[in-house]
Amino acid sequence: MTIAGVMLAACSPAQKHLSPAEIAALRPADAHEAQLYEHSCKACHAQPGSGAPLVHDHAAWDPRWAKGEDVLLNHAILGYQAMPAGGQCAACTPKDYQVIIRFMADKEQAP
Amino acid sequence: MKISRRAALIAGGAGVVVAGTGVAGYEAATYEKPEPPSPPLTDKEGHLVWRNWSGIRHSYPAERMAPASEEELAKILTESPAPIRAVGAGHSFMPLVPTDGTLLSLDQMAGLVSVDGDEVTVRAGTRLGDLGPALAAHGRAMANLPDINKQSLGGALATATHGTGKHLPAIHGTVTALRLVTPQGLVVDCDATKNKDLFDAARVSLGSLGIIAQARLKTVPDKNLHRRVWLEPFEETLAEAERRWTAHRNYEFYAVPFTGLAANITHDETDESPRPRGPETDSQFLEALKMLRNVFEFSTPLRKRVAHFVLMMAEPKAEEAVDEGWKLLSTERPIRFNEMEFHLPAEEQLTALREVVSAIEKNRPDVFFPIELRRIAPDDAWLSPFQGGERGSLAVHCYYKDEYEFLFTLIEPILRRHGGRPHWGKLNSLKTADFAALYPRWKDFADLRRQLDPQGRMLNPYLQGVFGV
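Residue numbers (my numbering), protein chains in the order written: chain A, 12 to 122; chain B, 396 to 864.
Check before you lean on any hint, since a few could be wrong.
One side only, chain B facing chain A, incomplete, derived with CB under 7 Å [unchecked claim]: (1) R446; (2) G450; (3) A484; (4) P671; (5) E675.
Anything over 12 Å on all C-beta distances counts as not near chain A; from chain B, calculated [what the hints assert, rightly or not]: (6) S464; (7) K470; (8) T473; (9) Q503; (10) V510; (11) G524; (12) S547; (13) A634; (14) A642; (15) R672; (16) T676; (17) T726; (18) E743; (19) Y795; (20) D839; (21) Q846.
It is worth saying that the hints were derived from the structure and are not from the lab.
Values in this document were obtained by computation on a predicted structure and should not be read as measured data.
Backbone N, C-alpha and C define an ideal beta-carbon position, used for all residues, glycine too.
In isolation and in its complexed conformation, chain A is listed as follows (with noise of 0.2 Å):
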């Protein structure tokens, strides 16, 4: 494999499964995380071409989530990567960055 053909891979989106219009309609269920969410974080997992997970997208989160839901609330809460710390939720207590992980993620039922 060439080394071009490595980093087009490496840049390439994950796949999609929902419209942008789709994605922007997600929100979390509770009303007090659907705020935060809506202020903070939508800014760039609902945002195509951010770079950033989209929410609902499995093929983007279930690697992540497999690292342990320990380590992705402590790259929400420090920063990681594009990832900017806090998200940009100066509100959010940890409890808020754990539902709304779960949310985007698709994994709100996780124990």
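With chain A fixed as given, assemble chain B onto it according to the hints.
Here is chain B on its own, set in the frame of chain A:
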């Protein structure tokens, strides 16, 4: 989403060149530094960390508050532990936000209040990215937007955040009225006739006079813009830049060190039908530049020849789009960075740029981010970097994993020598006396700040230093 032809060419071109350098070259090209060290998740009292967008600033606020009304905000300002610092998207690189007192989010004080002709009243917690579609629903638009649109309106005003356009002021230059909640809990309205001194001071005030709850802004009709992006030799851009700033509604360019090239971007009003921009490709461009840096850092002449060849091959013609301004003027920035930006007298901007590019290419082969040049129309806010005349901005970026101390030792002296004023949210080492020398109304601002906040409840240690408290 499909990867664009342009992005594929950039990535593929750089990849093919790197492939030619063999396995060792590939390993060097794709080397990724580890994440910078993180602060602890909580302090010993259990307070959760807050960290800015780039990751270089942090603190452990004792309280985090998100008021939903001016009454709640007034109560917080009078009762919550100081320092009280507001945060939006945390995009400031200077320590404007860190506090061990109260961290204040205005996310619940967001949205349009009213539309009155060509003016709109907007709550300060509104993110600029949300303002575009909200205004478009009324056929209106912000005349200009910054490069990034994640910021809150309040944060953008506080730091004099700006876009580009010779005849377009920064966002605070479009403000016609403000509502401020003072540290003593008073709700005060001001404009060019009512409480004029407060209006002139508060439009750019670093969150030091209280918290701006809402602002009235001038807007323009929501017309389509024609966006054009192209690469050309750096010297051609230097020769044409002044003419382009005059000829185009919005013009900016990026000087790309170690390539001999510059990327140019224009936006002009048009009646053409929309042709959407397509996927963001700047990240691939930056990855290609990083890869070329990693492989050819040892030889600037070789790096320049290879980069020039690869990038011009990938960018043979301009990329064009037509759409509403709020969809075109700002860009997704998934690659984090640290940044220094100074606003120079317009006539000094290009001379300073030559010196900066020369200094970087001579001394800092690790740099790969392009240097951004914009032009901003004047306004009369007391602490506006654009007060007193047109300014040309020059911004040097560093990958968030790279060392950025050279910005202070190598770049800042050049920008200061050319009369620059630093962006309030971006890296600089200026002190009280420096600001006093740059701003004719500095003392007036300091006196007003002391009247409004005699106890300094809005000042964190950095701002105490700025104001000499």
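Hints versus structure:
1. R446: 3 Å, holds
2. G450: Holds, about 5 Å.
3. A484: 5 Å, holds
4. P671: 11 Å, violated
5. E675: 5 Å, holds
6. S464: With a cut-off of 12 Å, S464 (chain B) remains clear of chain A, as the shortest Cβ separation is near 15 Å.
7. K470: 16 Å, holds
8. T473: 20 Å, holds
9. Q503: 7 Å, violated
10. V510: 21 Å, holds
11. G524: It is violated; G524 (chain B) is separated from chain A by about 6 Å at its closest Cβ, not greater than 12 Å.
12. S547: Since the minimum Cβ distance to chain A is about 9 Å, S547 (chain B) lies within 12 Å and the statement is violated.
13. A634: Fine: 34 Å to the nearest Cβ keeps A634 (chain B) off the interface.
14. A642: 30 Å, holds
15. R672: Its Cβ does come within 12 Å of chain A, the nearest being 9 Å, so this is violated.
16. T676: 9 Å, violated
17. T726: 10 Å, violated
18. E743: 33 Å, holds
19. Y795: The assertion about Y795 (chain B) is violated, with a minimum of 9 Å to chain A.
20. D839: 31 Å, holds
21. Q846: Q846 (chain B) clear of chain A: closest Cβ-Cβ about 29 Å, beyond 12 Å.
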